[in-house]
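Take a look at the letters that make up each chain.
Number of protein chains: 2
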Amino acid sequence: MAGKVPNLRDEMKRVKSEVDRVILDQVLPKSSPVREVRLLYTMMRDYPSRPAKGMRPFLCATACRAAGGNEEDAMVTAACIELFQNWILVHDDIEDRSELRRGEPALHKKYPESLALNAGDALHARTWEALLRNRSTIGLERTFRVMEEFSRMVDVTTEGQHMELAWVASKRWDLKEDDYYEMCTRKTSWYTVASPCRLGAIVAGAGAKVLSDLEDFGTKLGVAFQIQDDSLNLVGDEKKYGKAKSDDILEGKRTLILLHLLSAATQGERDRVVSIMNKRRERKTRQDVAFVLGLIDRYDAVGYARKRAAELLKDSLSTLEGIPWKGDRKAVGLLRSFAKFAVEREW
Amino acid sequence: MAGKVPNLRDEMKRVKSEVDRVILDQVLPKSSPVREVRLLYTMMRDYPSRPAKGMRPFLCATACRAAGGNEEDAMVTAACIELFQNWILVHDDIEDRSELRRGEPALHKKYPESLALNAGDALHARTWEALLRNRSTIGLERTFRVMEEFSRMVDVTTEGQHMELAWVASKRWDLKEDDYYEMCTRKTSWYTVASPCRLGAIVAGAGAKVLSDLEDFGTKLGVAFQIQDDSLNLVGDEKKYGKAKSDDILEGKRTLILLHLLSAATQGERDRVVSIMNKRRERKTRQDVAFVLGLIDRYDAVGYARKRAAELLKDSLSTLEGIPWKGDRKAVGLLRSFAKFAVEREW
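Keeping their order, the protein sequence lines are chains A and B. Following my numbering, the numbering of the first sequence begins with 895 at its first residue and continues without gaps. Following my numbering, the numbering of the second sequence begins with 895 at its first residue and continues without gaps.
There's no promise every hint is true.
Same chains, same names: a pair is fine if it fits in one copy or spans any two.
Stated by the list, open to error - Cut-off 27 Å, straight-line C-alpha distance, at most; resulting in silico cross-link-like pairs (BS3-like, lysine-lysine):
hint: 1; residue 1: Lys1201; residue 2: Lys924
hint: 2; residue 1: Lys1201; residue 2: Lys1139
hint: 3; residue 1: Lys1147; residue 2: Lys1178
hint: 4; residue 1: Lys1004; residue 2: Lys1065
hint: 5; residue 1: Lys1173; residue 2: Lys947
hint: 6; residue 1: Lys1201; residue 2: Lys1173
hint: 7; residue 1: Lys1103; residue 2: Lys1147
Think of the hints as simulated: they come from the structure by calculation, not from any bench.
I would like the entire structure built from these sequences, with the hints used as guidance.
Have a look at this one:
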């Protein structure tokens, strides 16, 4: 293992830099004679120019190779996945009232919120437009199939995002672990793992079995990825992680960690946690956050969630082993390394 | 003329009801086993279920007929234009802090704002997905050309929206009439007239001359349409118009009417108008609004703007006459009636 992780990081870096070139040099507009339009373009280029891991484009490019395709054919699609991630983060940060993104102020904190919202829409539209570029490399028919998968990915993601926001807005806490998995599969798994892999495989012309296996692999690993993300939000190193620590408590997020804590806690503790979590972000005190963090620690809720993540990782790896790949074995190995990284990463 | 306007209304109604069927029965999802996802679907169906004129789908269907195509072939595209209008209004209402839309509370006033923002994104994605449905009626190649035009339409609209919002946010008032035309062509003309007509013509397989003439027709008429919209906002009947009266003053909009007023007013009046317009919405008093309305009246700023609209209408009609149409002459007549309606309407 120890030797593989730098290899994975190098590969992720390499794909990310190619995708950045597509996004920043080819897809996103740069200049306009109109002063205000230039500002819009600057705002559209903001998140895509900040450092990011580039996991999703990496998965798309690597699954394409594993399924027997050429990585270059997947680059436009990989860039579109990264663009999707960027516009949805712009809106997500407004919805969650987040302050920090990738170590810098969120877009709506740097510019008026109305402009940030609109810049997210402009990026969204450019994402679909960029997908049309596939035509010259993979032909009309495959371009079409890529867009169908992409549609599904966006639909499911907005549904998951809605579930999470609606729970917060309606102060709903009568949730079971399965509710979390349902939300998280939609909010995270599809666009983080399942669709990036499937899109790469579609570009390579993979058959139905590979695609359905990748759905299975991706939805499980995506949940494990999110659990690790939730954990890092509470116990990670803010500098490595790039988001403000304990933001999920401030935002009232229903994480597996919180749900476990609520099921393990005494009635009194439970009531106090719920009343803290239901407060508006700006009303939560340091003591409130410390109280919740203390209980998370006492009931080892992060440990519990990480155990679930480890099980999901194991399941997803066994699915991965059974996929009838037709392409590059090294790429299959990279997917395996990625799965472990997704759950064990510290950033 | 008197006989043609009801005819136009009937045609707009007819197309609108067909488009509503496509949107509400075919494109937008209805039910989900997950309670929260059902709420999302309800929110997505909200604006599309409110009464609207359906001008844009009418233009798409009618331009298709005028260019020699079958109206049915344009119905999916017409529905997508209406869907686009709906998601952009959801976001526009958040950006402008609007309270009312089509006679009812704006979506972010009926539901938490974070959910409304996300529902707009979900509608946006479904718009692109619905465009893929064109394949079975007009084939891959034309589906593709429709999507390219659609991309351009969304890009330009977000740019125009940005210009207007950026002027408000930066309190910029050193604007000339040409700045207004530039903003308005982007914000309104493309998605209201130029692209709906061009999309219908693309479905019909029209050539480059028809398409470039429609750009010319649509960009001019679109500005005239917006000037009339700005006028109705100030002097129209709130019940017919469906939006809150004088909202543009509350929102600090740079309309042609306001720009003319500023150029005609004395220095003292000008300073007071600018200081009122720069106030936040909630700080503007009834007296502030009455002061601005009084000056608009004194300098006949609405009359001035309507004169510009009448000139633009005349120009656009002369372009319309020169288009080498290959199809239904009755449809061409309807486009002519529409152009007059756009500038003379009271709703």
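(request) Tell me, in ascending order, the numbers of any earlier hints that this structure violates. (result) Hints 1, 5, 6, 7 contradicted; others consistent.
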